[in-house]
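Trainee: Working from the sequences, and respecting the hints, build out all of it.
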Amino acid sequence: MNRIEKKMGRAKKNIFLAILFSVATLIGGLYYFGAFGPHLLLSKATFKHLPNWQQDNQSQALLAFQRSCTTILKKSPDAMFSALPHSGTNRDWQRICNAANALVHPDKMAAQQFFETWFQPYHVSNHLNASGLFTGYYLPLLHGSITPNKQYSVPVYGVPSDLVKINLGLFHQEMSKKTLVGQLKNNVLQPYPDRAAIMQGAISKTAKVLVWSDDPLDVFFAQIQGSAVVQLPNQKQFIINYASNNGRPYTAIGKILIAKKELTKETVSMQTIRTWLLQHPEQRDNILNQNASYVFFNVLKNKDPLGTAQVPLIPERALAVDTHHIPLGAPLWLDTVAPQNTREKSTAPFQHLMVAQDTGGAIKGIVRGDVYWGAGETAAFIAGHMQSKGQYWILLPRM
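Taking my numbering, I'd label the letters of the sequence shown as residues 23 to 421.
Hints are supplied without guarantee of correctness; some may be wrong.
Computed list of lysine-lysine pairs in DSS-like fashion (alpha-carbon distance at most 27 Å, straight line) [stated by the list, open to error]:
1. K200 x K96
2. K287 x K367
3. K411 x K66
4. K323 x K96
5. K283 x K386
6. K411 x K367
7. K187 x K323
8. K258 x K325
9. K367 x K283
10. K386 x K282
11. K325 x K96
12. K187 x K230
13. K199 x K97
14. K323 x K258
15. K230 x K172
16. K282 x K411
17. K172 x K258
18. K187 x K172
19. K386 x K66
20. K367 x K277
Worth flagging that the hints you see were computed from the coordinates, not collected in a lab. Here the structure is a predicted model, which means the values were calculated and not measured.
Mentor: Okay, here's the thing in structure tokens:
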């Protein structure tokens, strides 16, 4: 083999290695960003790995966890707590709950010691990517009336009598987390009416009106938030809370307005969406109806809204999660940022111990969460503007 042939051979080999390296890099990148589908990974950590763990006052998180324990203690002891690795059985969690309930008015040090004694932190990632999106929600205010009139004409519905829910897991074990919602007509289950049909009166004879509102946008955003305070003309108040939905897929209207180039990713927020809808009343219904999902409410006796776990939520300690990946009741150390105040577009670190206690139509993914901010103007501002990258660690029982 002459010198030229050797050089050509080496060049071909280098080209092959370069192509192989490029393909490996591409596959690695796709794996990192979850292009092959979600895959939850847990990496064992210590409490020293949790950013600013020592600075957080976990006493409110312990109260939130105690509230979740009311549900955990009712579960079958021998059943697995979740499909998540290292999550143990319900009995493991019930032991922890009994220890938690034995603490009365714990201070910061006692709460911190409790979590460090009973739990082991694990860093959560999707493939190798530990970063995800964290948003916020709040308790909005609705002005309403028990009886309709010219001012109060927008119905807020309870669960319709003809709504049928089917747990598909009863028929196929692999579909245990799938629920079908429909309407039975002539012994045939059909999709339940979408938002557009409901707004046109499709369920007026089958659903009770809990209250009549004076603003269709307030009702829409209350459905997005999952609860609201209703204030009557006599100033009396009560809370309505998520009870069910029509089973239709949730569509974020913010994404629709971005696609129409009416808003941008940088400017979209609950506040800018509302402003746009108010400025374009002729397009309002068409935009809202593109979110086919419709929420039904019930009236609560307590003063705090309930999450999916059916326990009262504590502001800045309750986190809505995707229960396909994260079990309700699990503590989570959240490391992200949040809008700081209503006057400046600034953020501050938000590093707190949360408890998974709620879900949401837009909360999908392994590293994904929605922080409950409570009620009031500040809560509304923070929730409406929060679009933060972050990470979290899940706390699971020490074995």
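Trainee: Please go over all the hints and tell whether each is borne out by the structure.
Mentor: Now for the hints, and whether the structure bears them out:
no.: 1; hint: K200 x K96; result: holds, 22 Å
no.: 2; hint: K287 x K367; result: holds, 15 Å
no.: 3; hint: K411 x K66; result: holds, 22 Å
no.: 4; hint: K323 x K96; result: holds, 22 Å
no.: 5; hint: K283 x K386; result: holds, 25 Å
no.: 6; hint: K411 x K367; result: holds, 16 Å
no.: 7; hint: K187 x K323; result: holds, 25 Å
no.: 8; hint: K258 x K325; result: holds, 13 Å
no.: 9; hint: K367 x K283; result: holds, 22 Å
no.: 10; hint: K386 x K282; result: holds, 24 Å
no.: 11; hint: K325 x K96; result: holds, 23 Å
no.: 12; hint: K187 x K230; result: holds, 18 Å
no.: 13; hint: K199 x K97; result: holds, 17 Å
no.: 14; hint: K323 x K258; result: holds, 13 Å
no.: 15; hint: K230 x K172; result: holds, 19 Å
no.: 16; hint: K282 x K411; result: holds, 25 Å
no.: 17; hint: K172 x K258; result: holds, 20 Å
no.: 18; hint: K187 x K172; result: violated, 35 Å
no.: 19; hint: K386 x K66; result: holds, 24 Å
no.: 20; hint: K367 x K277; result: holds, 21 Å
Hint 18 from the list above is the single one not met by this structure.
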